Amino acid sequence: MRTIDAMKKLARNDGRFTHVYTKKELSELFNETGSKLNGTLKSLIKEDILNRAYHNVYVYYFSQYWGLGTMDLIGKKIRPNDSFYESLESSASAWSLISQIPTVVTYMTTGKSKWYKTAYGNIDFVHYNKTDEEPRTIDRSSMGRVPLADKLQTYRDLQKTKRSLDLLREQYDKDHGCRDGNIQYYPCEDDDTWDFLDNLEEDIL
Numbered sequence: 045m046r047t048i049d050a051m052k053k054l055a056r057n058d059g060r061f062t063h064v065y066t067k068k069e070l071s072e073l074f075n076e077t078g079s080k081l082n083g084t085l086k087s088l089i090k091e092d093i094l095n096r097a098y099h100n101v102y103v104y105y106f107s108q109y110w111g112l113g114t115m116d117l118i119g120k121k122i123r124p125n126d127s128f129y130e131s132l133e134s135s136a137s138a139w140s141l142i143s144q145i146p147t148v149v150t151y152m153t154t155g156k157s158k159w160y161k162t163a164y165g166n167i168d169f170v171h172y173n174k175t176d177e178e179p180r181t182i183d184r185s186s187m188g189r190v191p192l193a194d195k196l197q198t199y200r201d202l203q204k205t206k207r208s209l210d211l212l213r214e215q216y217d218k219d220h221g222c223r224d225g226n227i228q229y230y231p232c233e234d235d236d237t238w239d240f241l242d243n244l245e246e247d248i249l
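Remember, the numbering used here sits 44 above the position in the sequence shown when you count from 1.
The reader is advised that the hints may include incorrect statements.
[As the list claims (entries may be wrong)] SDA-like mimics (lysine to any residue), calculated; alpha carbons at most 25 angstroms apart, straight line:
id	residue 1	residue 2
1	K156	S143
2	K120	R46
3	K53	S79
4	K161	L196
[Stated by the list, open to error] Pair by pair, the computed Cβ-Cβ distance ranges are:
id	residue 1	residue 2	range
5	L209	K80	21 to 29 angstroms
6	K174	D58	31 to 39 angstroms
7	E177	R96	35 to 43 angstroms
8	N100	F61	49 to 57 angstroms
9	K206	R96	28 to 36 angstroms
10	E91	R184	26 to 34 angstroms
11	L196	K86	41 to 49 angstroms
12	S87	H171	37 to 45 angstroms
13	D92	E72	18 to 26 angstroms
14	S143	N95	29 to 37 angstroms
15	V148	K67	35 to 43 angstroms
16	T77	L196	42 to 50 angstroms
17	M187	K68	33 to 41 angstroms
Keep in mind the hints are simulated off the structure, nothing from the lab.
Just so you know, these numbers come straight off a predicted model, no measurement behind them.
For every residue, glycine included, the Cβ atom is placed at its ideal position computed from N, Cα and C.
Required output: the full structure, derived from the provided sequences and hints.
As structure tokens, this is what we get:
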């Protein structure tokens, strides 16, 4: 397919949910298979019209909808059969439970744990066992995004996986006036065995 014709198809199909594609989806969009499809994709990548995000996952470079939801869509294309939501360090930063801005998008998933390095950043899928109690999440489907763990669910996920508890403690002490500037650090309690996590959960509740 001529590059200009492929560009027109991509532009017409551009949308909040349709700017990240699998190779199979592009095959259907262009009505091509095999060497013809590979040739079209090679040309589109060379002209910076498509970017290969991860193996057979592609992003339309000129999409009007590129943004935070793009990583979620990439995650969905990589793990199409898994249920997952954004949590852990990603949502902890969003809820100001930690002050650090993570360089990885972190998801809790019913699928297997695995780290993916994509052209748009790293994705960390962390497995959780599905129980009768549904995770507490905020629906963002209208924005083309996966659910976001609420503040309490974020805390519980971090506690359950024992991830970044030191960062939680650091921010907790800072919020409660137990941190002296950026140098000296004072725990809020003299007792080293005191578990601040219970107090943090009470604060969230």
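Status of each hint after checking the structure:
Simply put, K156 and S143 have alpha-carbon atoms about 28 angstroms apart, too far for the 25 angstroms limit, and the pair is violated. The straight-line distance between the Cα atoms of K120 and R46 is roughly 29 angstroms, outside the 25 angstroms bound, and the hint therefore fails. Restraint check for K53 and S79: satisfied, since their Cα atoms lie roughly 19 angstroms apart, inside the 25 angstroms limit. At most 25 angstroms may separate the alpha-carbon atoms for a hinted pair to count; K161 and L196 exceed this at roughly 28 angstroms.
Roughly 53 angstroms separates the CB atoms of L209 and K80, a value that falls outside the hinted 21 to 29 angstroms. For the hinted restraint 31 to 39 angstroms between K174 and D58, the CB-CB distance of approximately 35 angstroms keeps it satisfied. Roughly 39 angstroms separates the CB atoms of E177 and R96, a value that falls within the hinted 35 to 43 angstroms. Taken as a hint, the range 49 to 57 angstroms is violated for the pair N100 and F61, whose Cβ atoms sit roughly 18 angstroms apart.
For the hinted restraint 28 to 36 angstroms between K206 and R96, the CB-CB distance of approximately 35 angstroms keeps it satisfied. Taking the beta carbon of each, E91 and R184 are about 32 angstroms apart, inside 26 to 34 angstroms as hinted. For L196 paired with K86, a C-beta distance near 48 angstroms keeps the hint of 41 to 49 angstroms intact. Checked against the hint of 37 to 45 angstroms, the pair S87 and H171 passes, with Cβ atoms roughly 39 angstroms apart.
At roughly 23 angstroms, the beta carbons of D92 and E72 sit within the given window of 18 to 26 angstroms. A C-beta distance of roughly 32 angstroms is found between S143 and N95, which places it inside the suggested range of 29 to 37 angstroms. Evaluation of the 35 to 43 angstroms hint for V148 and K67 yields a failure: the beta carbon distance comes to about 25 angstroms. Distance hint check for T77 and L196: the Cβ-Cβ separation is about 48 angstroms, which falls inside the suggested range of 42 to 50 angstroms.
Checked against the given bound of 33 to 41 angstroms, the beta carbons of M187 and K68, roughly 25 angstroms apart, lie outside it.
Comparing the model with each numbered hint stated earlier shows that hints 1, 2, 4, 5, 8, 15, 17 do not hold.
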